[in-house]
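Asker: So you can see what is in the structure, the chains are spelled out below.
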Amino acid sequence: MDINGLQIASIIFSVSMAYFAYYCYRKKYFGLVSLFVWTLIFILLIFTTIFPEIFAPFKSIFKVARLFDLFTVIGLFFLVVLTFINFIHLQGLKKKLGHYVQQDALHQHKNHHNTEGEDTGKTTSEEGTASGDGDIL
Amino acid sequence: MSYRIVTPILNEEKYIRKFLESFPEKHLPHLILVDDGSHDKTAEIIKADYPNITCLKHKINLGKGKSLETGALKAIHDKADIIVFMDGDMQHNPEDISRFLEVFQKHPEVDIVFGARKIGKSMPLIAFLGNKILTISINLLFRYLLNDTQCGFRAFRSKVFNKIRWESHGYSIETEMIINAAKHRLNYKEITIDTIYLEGYKGTNIFDGIVILLKILGWRILKFFKS
Chain A
1 MDINGLQIAS IIFSVSMAYF AYYCYRKKYF GLVSLFVWTL IFILLIFTTI
51 FPEIFAPFKS IFKVARLFDL FTVIGLFFLV VLTFINFIHL QGLKKKLGHY
101 VQQDALHQHK NHHNTEGEDT GKTTSEEGTA SGDGDIL
Chain B
1001 MSYRIVTPIL NEEKYIRKFL ESFPEKHLPH LILVDDGSHD KTAEIIKADY
1051 PNITCLKHKI NLGKGKSLET GALKAIHDKA DIIVFMDGDM QHNPEDISRF
1101 LEVFQKHPEV DIVFGARKIG KSMPLIAFLG NKILTISINL LFRYLLNDTQ
1151 CGFRAFRSKV FNKIRWESHG YSIETEMIIN AAKHRLNYKE ITIDTIYLEG
1201 YKGTNIFDGI VILLKILGWR ILKFFKS
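From first to last, the protein sequence lines stand for chains A and B. When we follow this note's numbering, the leftmost residue of the first sequence carries the number 1, and every step to the right adds one. When we follow this note's numbering, the leftmost residue of the second sequence carries the number 1001, and every step to the right adds one.
Worth flagging that the hints you see were computed from the coordinates, not collected in a lab. Be aware that a few hints might be false.
As the list claims (entries may be wrong) - In silico BS3-like cross-links for lysine-lysine, where the CA-CA straight-line distance does not exceed 30 Å:
(1) A/94 to B/1223
(2) B/1163 to B/1189
(3) A/94 to B/1215
(4) B/1018 to A/95
(5) A/94 to B/1226
(6) B/1183 to A/110
(7) B/1041 to A/94
(8) B/1163 to A/96
(9) A/110 to B/1041
(10) A/94 to B/1159
(11) B/1223 to A/96
(12) A/110 to B/1014
(13) B/1163 to A/110
(14) B/1183 to A/27
(15) B/1159 to B/1223
(16) A/95 to B/1047
(17) B/1018 to A/96
(18) B/1226 to B/1183
(19) B/1163 to A/94
(20) B/1026 to A/96
(21) A/110 to B/1159
(22) B/1026 to A/95
(23) B/1047 to A/110
(24) A/110 to B/1018
(25) A/95 to B/1118
(26) A/94 to B/1018
(27) A/94 to B/1189
(28) A/96 to B/1183
(29) A/96 to B/1215
(30) A/95 to B/1106
(31) A/110 to B/1059
(32) A/110 to B/1026
(33) B/1014 to B/1041
(34) B/1047 to A/96
None of these values were measured; they are calculated from a predicted model.
Work the whole structure out from these sequences, hints included.
Answerer: Structure (structure tokens):
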């Protein structure tokens, strides 16, 4: 079996990333399912790197000259999908964080005035400020 | 007719006293300051020296759009009929607030009043050109004729808040508000206001302008598909 430099680099990359995934799992950044999925991805990458000829029949199906081109295209698709999923998650987080910070600002002000009201014997409604509980967003 | 003035502020510890001292006494109790995650002592100064002014503090910076939304929600919670938006960098003259309120009193059919800055030598050339490009784009694409679409000094009836409510976090909020107003065909008026351009201007820059222009095009395409 003939292994070239690019294949060696790819194997080193995959092994390093698999170890990094395990490290993240140990640090409890994600759970067992995520560790399993990412490790599987890197094992598949190593397998593809060592035995690329297994995918030879796909050359004619996808009408590509070299297997390397096919892997590049699949890799790009994978990256685009991952970026999109990240974007969606980030937007959701941004929205949740914004909601939380706004709620906090509004409630903090209300609590501050409630405390002042108790100190001075006034209620918030007497001062004409916020009253009532619950989510006001 | 009750009203609230919403002003977003960020790291203004040097100027906040000057800003509040320049404010007419009659409007001060109606002021809602939204500190958008300042790293300096802006909020502490307000709480210590001006305890009667409502100051809401975002723990982290969310952007101008979200600050104005927080202030507007507080104003609605306080049952205000009119909500006035005004920048906190002393660009706008607080004396003009009464002129906005007068329009609503004289014209019950008006939902929203936009401030339009006077075009003069004081306006930086790049700001003038950027403003013109964005204003012409909105006028042409949404057929909502205004002279200054980027002016942050504006007021609206709180009952139309949900119609003009924006998603933008940053400086696109002025544009999105106009586009939403155009979508619901809200009645509007425009009044000319004074503007002072100070050193250390923190508002929109050329990159924000490009982002706003791209968003205008995006919103127009979206409107086309929705219709």
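Asker: So, for every hint listed, does it hold in this structure?
Answerer: We went through each hint and held it up to the structure:
no.	hint	result
1	A/94 to B/1223	holds (25 Å)
2	B/1163 to B/1189	holds (17 Å)
3	A/94 to B/1215	holds (19 Å)
4	B/1018 to A/95	violated (34 Å)
5	A/94 to B/1226	holds (26 Å)
6	B/1183 to A/110	violated (35 Å)
7	B/1041 to A/94	holds (26 Å)
8	B/1163 to A/96	holds (22 Å)
9	A/110 to B/1041	holds (20 Å)
10	A/94 to B/1159	holds (27 Å)
11	B/1223 to A/96	holds (26 Å)
12	A/110 to B/1014	holds (27 Å)
13	B/1163 to A/110	holds (27 Å)
14	B/1183 to A/27	violated (50 Å)
15	B/1159 to B/1223	holds (23 Å)
16	A/95 to B/1047	holds (28 Å)
17	B/1018 to A/96	violated (35 Å)
18	B/1226 to B/1183	holds (11 Å)
19	B/1163 to A/94	holds (22 Å)
20	B/1026 to A/96	violated (37 Å)
21	A/110 to B/1159	holds (23 Å)
22	B/1026 to A/95	violated (36 Å)
23	B/1047 to A/110	holds (14 Å)
24	A/110 to B/1018	holds (26 Å)
25	A/95 to B/1118	violated (36 Å)
26	A/94 to B/1018	violated (34 Å)
27	A/94 to B/1189	violated (34 Å)
28	A/96 to B/1183	holds (27 Å)
29	A/96 to B/1215	holds (22 Å)
30	A/95 to B/1106	violated (39 Å)
31	A/110 to B/1059	holds (15 Å)
32	A/110 to B/1026	holds (23 Å)
33	B/1014 to B/1041	holds (9 Å)
34	B/1047 to A/96	holds (28 Å)
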